[in-house]
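Keeping their order, the protein sequence lines are chains U and X. Quick note on my numbering: the first sequence kicks off at 1 and runs consecutively. Quick note on my numbering: the second sequence kicks off at 1 and runs consecutively.
The hints are simulated quantities; they were obtained by calculation from the structure and are not laboratory data. Remember, it's a predicted structure, so these values are computed and weren't measured experimentally. C-beta: ideal position from N, C-alpha, C; glycine also. Warning: the hint list may mix true and false statements.
[Stated by the list, open to error] Using C-beta positions, here's what the derived DEER-type ranges look like:
{"hint": "1", "chain 1": "U", "residue 1": "G154", "chain 2": "X", "residue 2": "R23", "range": "31 to 41 Å"}
{"hint": "2", "chain 1": "U", "residue 1": "G71", "chain 2": "X", "residue 2": "L247", "range": "34 to 44 Å"}
{"hint": "3", "chain 1": "U", "residue 1": "N7", "chain 2": "X", "residue 2": "E238", "range": "52 to 62 Å"}
{"hint": "4", "chain 1": "U", "residue 1": "R23", "chain 2": "X", "residue 2": "G21", "range": "24 to 34 Å"}
{"hint": "5", "chain 1": "X", "residue 1": "K111", "chain 2": "U", "residue 2": "V167", "range": "37 to 47 Å"}
{"hint": "6", "chain 1": "X", "residue 1": "K182", "chain 2": "U", "residue 2": "K123", "range": "46 to 56 Å"}
{"hint": "7", "chain 1": "X", "residue 1": "K6", "chain 2": "U", "residue 2": "N3", "range": "39 to 49 Å"}
Number of protein chains: 2
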Amino acid sequence: MENSAKNKKSNIVLALDFPYGNRNELLIKAIKILDETHEFLCAVKINRQLALPLGLFNGLKKILRLAKDYGLPAIMDCKINDVGHTNETIAKYYFEVGFDAVTANPFVGWKEGLKPVFEIAHKNSKGVILLVYMSHKGANEGYGQMVKAPEAEGLVSQYQIFARKAVEWNADGAVVGATYSKKIAEIKKIVKDKVPIYSPGIGIQGGKIEEAVKAGANFLIVGRTITLAKNPAKTAKEVRDTVNSILGDTL
Amino acid sequence: MENSAKNKKSNIVLALDFPYGNRNELLIKAIKILDETHEFLCAVKINRQLALPLGLFNGLKKILRLAKDYGLPAIMDCKINDVGHTNETIAKYYFEVGFDAVTANPFVGWKEGLKPVFEIAHKNSKGVILLVYMSHKGANEGYGQMVKAPEAEGLVSQYQIFARKAVEWNADGAVVGATYSKKIAEIKKIVKDKVPIYSPGIGIQGGKIEEAVKAGANFLIVGRTITLAKNPAKTAKEVRDTVNSILGDTL
Chain U
1 MENSAKNKKS NIVLALDFPY GNRNELLIKA IKILDETHEF LCAVKINRQL
51 ALPLGLFNGL KKILRLAKDY GLPAIMDCKI NDVGHTNETI AKYYFEVGFD
101 AVTANPFVGW KEGLKPVFEI AHKNSKGVIL LVYMSHKGAN EGYGQMVKAP
151 EAEGLVSQYQ IFARKAVEWN ADGAVVGATY SKKIAEIKKI VKDKVPIYSP
201 GIGIQGGKIE EAVKAGANFL IVGRTITLAK NPAKTAKEVR DTVNSILGDT
251 L
Chain X
1 MENSAKNKKS NIVLALDFPY GNRNELLIKA IKILDETHEF LCAVKINRQL
51 ALPLGLFNGL KKILRLAKDY GLPAIMDCKI NDVGHTNETI AKYYFEVGFD
101 AVTANPFVGW KEGLKPVFEI AHKNSKGVIL LVYMSHKGAN EGYGQMVKAP
151 EAEGLVSQYQ IFARKAVEWN ADGAVVGATY SKKIAEIKKI VKDKVPIYSP
201 GIGIQGGKIE EAVKAGANFL IVGRTITLAK NPAKTAKEVR DTVNSILGDT
251 L
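Sequences are here, hints too, so could you generate the full structure?
In C-alpha cells, the structure reads:
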C-alpha cells in the first residue's frame, strides 16, 4: 500500500460504493468510475454493496482484474467478525479471487477468532486491516464505550484496546472514522508508525479532510463523495490534491 | 420461525457450512444435504462459507428456492456490523434474494448502525437476529468483557448489554453459543420469552445439547456435526430427537 501511494502520489482509497439498485447497471457504473478516477488513487476498496449484487467469482472478478491492470491494490471491506473456521474460509475466498487485504472487527477476539485470519493472510503476503473506530453516529455505543482494562485497574476506552490489539496482532492498517479527528490523534499515539490509519467518512458523512490528515490519517477512504459526484474524475483529483497539499513533502 | 418449529416438530436450524473447497462441488453437496435432512429441521442458516463461492444471485438462489419448497425459513448469518447505509443495502440484497432473516452484531450501535436494518426488515416482515454471546474461545475478549454500565454506576458484562438491546430493539432472536450454557441461562433471564435464543456450537465446537436446551435455548443451530457426518440424515434425526425428548410437552 505504501509503495502504491508513493508510485501514484496519492493517499486516496476509492470506496466503490453504490446505493441499492439495478444489478446489471452496477458493474458498468463501477468500471466507468474506476476508468475515470484510477490515476488519482492508491487503492480501491470494495464493500458488500457491490460484492453481493455482482457475485464474488462473477462480476467482481472483472473489477479486481481492472484494478490490477491499473496497479491498484484491492481491499475487501468485509468487516470479518465470525468464529475462526468461518473467518478463515471467508478470507480464503476473498484472497483467491484477488483481494490484497480484508478488514476485520477486533471485537471478535483472537483465539478461534481473528488468529486464523492473520495467519492465512500473512502466510500469503496479504493484509488485515482492523476496525478501531467507525465513522457513524452510533459508533460511540460500542467503539466509544469504557471497558474494564484487561490485566489492570480502572477503565479504558474500547478503541484504545482495539488500537493496542492492532499493534500487538501486527495489523496492516487501522480504520478510524474521519468524522472523529480527535480520536485519530489519540489512536495515532498508540499505533505510531507501526500501523497506518485508514480514515473513511469524509464528505457526505461529514468528516473534514484537513482535520483527519493533520490528526494522523495515512490514507483517506472516499466513497460516495466520488462515486455519486457529477464529475467523479474532477472530484477524485480535487480530494487527492487537497490531501497532497496538506502532506506536502512528507508524501 | 415458531410456526415452522411447530409444524416440523423440530427446533433444529441446519447451518449449511462446508470447508473451503471446490466451488462446483459445493452446490451439489449443499442440495444433497438439504434433500436428505429437511424433514428433521425447522430452518436453514447460510453463512459466507457457502454464499461467497456460490454467489448470492447465482447458486445460492437455487438453495433458497429448495428451502422454500421444503417450507424452511432461511437465515443469512452475515453478522452485519457496518455503517447504516451499507447495512441497509446488504439487508436489502439478502431479503431480495429470498432470505427471511439476517444476523447482526449489536456492537455497531443503533444510530446510523442497525436502526436502518431493523426498519427495512420489520417493514417487510423479515427478522433480525442479534449476536449476544458467540461460541468460540476468544468470545470472552469482546462479548465477555466488563463495561461501564450505560446510564448507571458500576460495571456490567457486554453480553448483558447486548441482551437488553435485543429486547429494546425488538430483535427476532438472540444468538448465544451452546458452548457457554451458563450464559444462556443468564441471558434468558433478561430476554425472557420476548426474544428466542438461537444456540450454535454443539458437537464439533464442544457444546452439549442437553445443557443448552435446559438453560433456555429455543433453537439449536447445528452445522458441521450434520454436514460432515457420514450419514447426515441419521445425525439430523438423532439431534432433533434428543432435543424433542428434553423439551417434551413444551414443544
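Cross-check of the supplied hints:
1. G154(U) x R23(X): 31 to 41 Å: violated (50 Å)
2. G71(U) x L247(X): 34 to 44 Å: violated (59 Å)
3. N7(U) x E238(X): 52 to 62 Å: holds (59 Å)
4. R23(U) x G21(X): 24 to 34 Å: holds (27 Å)
5. K111(X) x V167(U): 37 to 47 Å: Since the Cβ atoms of K111(X) and V167(U) sit about 30 Å apart, the hinted range of 37 to 47 Å is violated.
6. K182(X) x K123(U): 46 to 56 Å: Between K182(X) and K123(U), where Cβ atoms are some 37 Å apart, the hint is violated.
7. K6(X) x N3(U): 39 to 49 Å: violated (60 Å)
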